[in-house]
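Visitor: Residue numbers for the sequence shown follow the numbering used here, so the first one is -3 and each next one is one higher.
Among these hints, one or two may not hold up.
Quick list of the computed label-pair ranges, beta carbon to beta carbon [said to hold, decoys possible]: (1) Thr(-1) with Ala23: 20 to 28 Å; (2) Val61 with Thr(-1): 45 to 53 Å; (3) Ala57 with Thr10: 26 to 34 Å; (4) Pro3 with Gly62: 41 to 49 Å; (5) Trp20 with Ala43: 40 to 48 Å; (6) Glu12 with Val61: 27 to 35 Å; (7) Arg59 with Arg22: 21 to 29 Å; (8) Pro3 with Asp30: 33 to 41 Å; (9) Lys52 with Lys24: 19 to 27 Å.
Keep in mind the hints are simulated off the structure, nothing from the lab.
Note that the coordinates shown come from a computational prediction; the quantities given were computed from them, not determined experimentally.
Ideal Cβ positions, reconstructed from N, Cα and C, are used throughout, including at glycine.
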Amino acid sequence: MTTKLSPIVSEFETQEQADSYDRWFRAKVQAALDDPRPGIPHDEAMATLDRLLEEKRALRAKRAVG
């Protein structure tokens, strides 16, 4: 039987969907924790993201003009 969830309480329609997402999310987190590669310092990660976002904004602005 499928248990319906309230949209006020959950973004999922059923408990089965919520459970499935929870399993997927936990597996992704565990995979990240198990990854042997060295971590990226926060400042470096944020600088990379800022650069990527700025490139996307510039590309979007260029498309809007031309």
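Visitor: If a hint holds in the structure, say so; if it does not, say that too.
Guide: Right, here's what the structure says about each hint:
no.	hint	result
1	Thr(-1) with Ala23: 20 to 28 Å	holds, 23 Å
2	Val61 with Thr(-1): 45 to 53 Å	holds, 52 Å
3	Ala57 with Thr10: 26 to 34 Å	violated, 43 Å
4	Pro3 with Gly62: 41 to 49 Å	holds, 42 Å
5	Trp20 with Ala43: 40 to 48 Å	violated, 30 Å
6	Glu12 with Val61: 27 to 35 Å	violated, 48 Å
7	Arg59 with Arg22: 21 to 29 Å	violated, 39 Å
8	Pro3 with Asp30: 33 to 41 Å	holds, 35 Å
9	Lys52 with Lys24: 19 to 27 Å	holds, 24 Å
The structure fails to meet hints 3, 5, 6 and 7 from the earlier list, while all remaining hints are met.
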